[in-house]
Amino acid sequence: MTRIDPETRLDALLGAIPTAVEPDRDLWPGIEAQVAPRRGRFPRWAGQIAAAVALVAISSLVTAVVVRHATQPVAGMTAMDAPVRFASASFGPGHALDAEYVAARRQLASQLEQRIASLPPAARDKLEWNLAEMHRAAQEINEALARQPGDPLLEELLMNTYQDELGVLASVNQLTNTGAAATLARKEQIRL
Amino acid sequence: MSERTGDSEFERARSAADERRLVEAAVSGSVAAFESLYRSHVGRVYGLCLRMTGHRETAEDCAQEAFVQAWRNLPRFEARASFGTWLHRIAVNAVLAQARRRSEHLGSEGSVEDEVAETLADASLGEMHSGHDLEAAIAALPTGARHVLVLAGVYGYSHEETAQMLGVAVGTCKAQLHRARQLLSRQLEATERLA
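Taken in sequence, the protein lines are chains A and B. Numbering (this note's numbering) for the first sequence: 1 to 192. Numbering (this note's numbering) for the second sequence: 1 to 195.
Worth flagging that the hints you see were computed from the coordinates, not collected in a lab. No residue lacks a Cβ here, since even glycine has one placed at the ideal position from N, Cα and C. Be a bit skeptical, because a hint or two may be false.
So the derived label-pair ranges between C-beta atoms look like this [claimed, not checked]:
#1 B:R21 / A:A12: 23 to 29 Å
#2 A:G15 / B:G171: 22 to 28 Å
#3 B:H178 / A:A122: 27 to 33 Å
#4 B:R193 / A:P152: 42 to 48 Å
#5 B:S28 / A:D11: 39 to 45 Å
#6 A:N160 / B:R56: 33 to 39 Å
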């Protein structure tokens, strides 16, 4: 009688296990309930609205910075240390940044680059360095997400990075608006 | 014979092309295309979740969550990759996330569970003549060893792929597979002695 080696037998048994097992119930209705309405709640234009909101924020930031630069020297960037956190930082289903948003964001970044050239060198360097660091972090997280799709920790990190990016822009915006308001107040005092 | 081989290769190529088209349509927002992908892959995804969790309802929840996550992450899917493998990665993440939640909820360290599982795997679970018996023995393995055995031993992923999916070192993966195989072999030997 031939005795089969246990390791060989185990390999044979493992190889014979069917890899596909049908669930007892159809899971599709539960999946559809989560995906179909989600697409409805976040239609194509949702990404464009999010992008438009970001465009307004960035445009007003750039305008304020340029106005301030024309009226007084730009102070230090210390307000960046306390970035504002946006409640509207969820850009798409499941915190995923969809292709439309990514394209719109790329366009915004290009516009910002053109205008940022008019800033004083020191302020521009600091702002660009901060934004570049955030872009690099977002890129690294996106690469990790491509390897580990659906990882909740990575998704949270990615959202935080984008929130931080918007927070930096908003903080600079706030800072420059305050500066512009102070300049206007000083002018009013001189006029009186 | 060669004509038949050619036919089957053609069928596979057509199937792969169909799947690529379905993925493209799903990425563009087609729920119907995504449902087709679900129908094609649910068996393997659910099978993976079932073997990893060892519990039918939990496996159903994980498989469902995996497909929902897949839909949400479709824009990130790289077309050159295998959709099935990509889905499996998401399913593994869903199982691990579920295990973390369960561990947090129960406040257990997992080591007690593993101890119990190892005892069960050591004990006689009946004759391992059928696949069902083997499934029971796999379900009784300690969590880490079970996860590695399912991915590497049943679904054929390499140590590197398995380690990456589970977020562990390749060495850990090899050690866990060795441990799992030892426990199952011991079980086989016990069964043969009884026979």
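Here's how the hints hold up against the structure:
1. B:R21 / A:A12: 23 to 29 Å: At roughly 38 Å between Cβ atoms, A12 of chain A and R21 of chain B fall outside 23 to 29 Å, so the hint is violated.
2. A:G15 / B:G171: 22 to 28 Å: holds (25 Å)
3. B:H178 / A:A122: 27 to 33 Å: For A122 of chain A against H178 of chain B, whose Cβ atoms are near 59 Å apart, the range 27 to 33 Å is violated.
4. B:R193 / A:P152: 42 to 48 Å: holds (46 Å)
5. B:S28 / A:D11: 39 to 45 Å: holds (43 Å)
6. A:N160 / B:R56: 33 to 39 Å: holds (36 Å)
Hint compliance for this structure: hints 1 and 3 are not met, and every other hint is.
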